[in-house]
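*Asks:* For reference, the chains in residue letters:
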Amino acid sequence: QSALTQPRSVSGSPGQSVTISCTGTSSDVGDYNYVSWYQQHPGKAPKLMIYDVTKRPSGVPDRFSGSKSGNTASLTISGLQAEDEADYYCCSYAGSYTWLFGGGTKLTVL
Amino acid sequence: EVQLLESGGGLGQPGDSLRLSCAASGLTFSSYVMTWVRQAPGKGLEWVSGISPSGGTTYYADSVRGRFTISRDNSKNTLYLQMNSLRVDDTAVYYCAKKMGSNWNLDYWGQGTLVTVSS
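Keeping their order, the protein sequence lines are chains D and S.
For the first sequence, the residue numbers in our numbering are 1 to 110.
For the second sequence, the residue numbers in our numbering are 1 to 119.
To be clear, the hints were calculated from the coordinates, so they are not data collected in a lab.
All C-beta atoms, glycine included, are put in the ideal place defined by N, C-alpha and C.
Careful, some of the hints might be misleading.
Partial list, computed: chain S residues near chain D (C-beta under 10 Å) [said to hold, decoys possible]: (1) Lys43; (2) Ala61; (3) Met100; (4) Asn103.
Computed from the model, here is a short list of chain S residues facing chain D with C-beta under 10 Å [claimed, not checked]: (5) Leu45; (6) Gly50; (7) Tyr95; (8) Ala97; (9) Asn105; (10) Tyr108; (11) Gly112.
Ranges of calculated distance between the beta carbons of each label pair, as one might list FRET restraints [as the list claims (entries may be wrong)]: (12) S/Leu27 <-> D/Pro7: 31 to 39 Å; (13) D/Gly59 <-> S/Leu5: 20 to 28 Å; (14) D/Gly79 <-> S/Arg67: 42 to 50 Å.
So that you can see chain S by itself, here it is in the shape it has in the complex (with noise of 0.2 Å):
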């Protein structure tokens, strides 16, 4: 059964920095596009980031771009998303997901971290 469990979550001021983790398991994790996802209090869903299976290609969005970096070790099987210059509208719940295997769909979730940036 595929498991994806984040960590690293917790409180920080603007201009932090944290570093989440999502362990995978129960899945070749190399053969996968991973995403990180968040969901802001109350909100809706919003697309972070992407990665390649090989970690060689990064997408994020605009929200983010040039203070959020997503990476990967694929020895260990964990994804990690490292936030910088933290702003309270990061404050979210983080989730890391899976991308389908052919197609472009993300089909498994993890339970989400919550980061929540506050002065």
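Only chain D is shown next, with the shape it has when bound in the complex (with noise of 0.2 Å):
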């Protein structure tokens, strides 16, 4: 049950575009698609921003975009916005009602 590997941290100007990786195994991120990831501010809890590899919830910004490929999932930030500032996780499903989170990435506009 290894966690997930994430950059430590990511940076990007406002308006600009940033992605951070997630990186798993065969049994995990490359074996389903049930990627998700997970945007939370300080002193709350995390919140849903991606789902299922690629899809948003409602009320989530298109500025926010999933992908994968293999064992890597990738999470896109374009059009960088202060309140982007966060850290982030990627989250996989393992099988047998398990998941693997990575250990997460603090996202600075600068």
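Both chains are given apart, each in its own frame, so use the hints to dock them into the complex.
*Replies:* What follows is the structure in structure tokens.
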């Protein structure tokens, strides 16, 4: 049950795009199309931003998009805004009612 | 609107026991897989345990297996986590989270309850 691998931090200026990667294995990210991404502001609960690799829940701006290739999933945020500054976590279903999370990526909007 | 409200957190010593509760509203609770996820101070998210809609199937992370027990009371729309033999490294905010209906993502989360284990 090893955690998924994410970069510790990324940054970008307002209006730019950033991409956060999430690498797992053939037993989790590579085996299931149940990759999700969560945004977490300090002191708050995680908020679902992307599910099923590419889908956005109602209310999430279309500036957020997801993709997957093999054992690596990615979250892209385009048109960065100040309020996007937060921690982002990827998550993959790993079978048998278990989930794996990434270590988290701190996004800084410069 | 779906709401999940955790309670039961607090301060304990190594070896103590605590029971967390998660009260659910705005959903047909008995239809959903439920989970516990924790977050140690300044650290990332860690899945802890999951339970089937009926309560008949449970799974645990290696770090808590044999010490923690997940259960649910569908008549009370409540999820539980019995934590025994607490360790210092169990210190975390504990969130309950609900699985989406037909796919294996976690959509709704509670606000969390803090468990602190310290001597």
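*Asks:* Would you mind marking each hint as holding or not holding in the structure?
*Replies:* Results of checking the hints against the structure:
1. A distance limit of 10 Å between C-beta atoms decides the matter here; for S/Lys43 the minimum to chain D is near 8 Å, and the interface restraint holds.
2. Here the hint on S/Ala61 is kept, as its CB sits about 6 Å from the closest CB of chain D, short of 10 Å.
3. Taken as an interface hint, S/Met100 checks out: its beta carbon lies about 7 Å from the nearest beta carbon of chain D, inside 10 Å.
4. At a threshold of 10 Å, the smallest CB-CB gap from S/Asn103 to chain D is about 6 Å, leaving the interface hint in force.
5. Among the interface hints, the one on S/Leu45 holds; its C-beta lies about 4 Å from the nearest C-beta in chain D, closer than the 10 Å criterion.
6. With 10 Å as the threshold, the beta carbon of S/Gly50 comes within range of chain D, its nearest partner Cβ sitting at about 4 Å, so the hint holds.
7. Here the hint on S/Tyr95 is kept, as its CB sits about 6 Å from the closest CB of chain D, short of 10 Å.
8. Given the 10 Å rule on beta carbons, the hint for S/Ala97 holds: about 8 Å separates it from the nearest Cβ of chain D.
9. For S/Asn105, the interface hint holds, since its Cβ comes within 10 Å of a Cβ in chain D; the closest pair sits about 4 Å apart.
10. Interface hint at S/Tyr108: satisfied, since its Cβ lies 8 Å from the closest Cβ of chain D, which is below the 10 Å cut-off.
11. The interface hint given for S/Gly112 holds, since its Cβ lies 6 Å from the closest Cβ of chain D, which is under the 10 Å cut-off.
12. Distance hint check for S/Leu27 and D/Pro7: the Cβ-Cβ separation is about 35 Å, which falls inside the suggested range of 31 to 39 Å.
13. The hint said 20 to 28 Å for the Cβ distance between D/Gly59 and S/Leu5, and at roughly 21 Å that hint holds.
14. Our hint of 42 to 50 Å for D/Gly79 and S/Arg67 holds, since their Cβ atoms are close to 46 Å apart.
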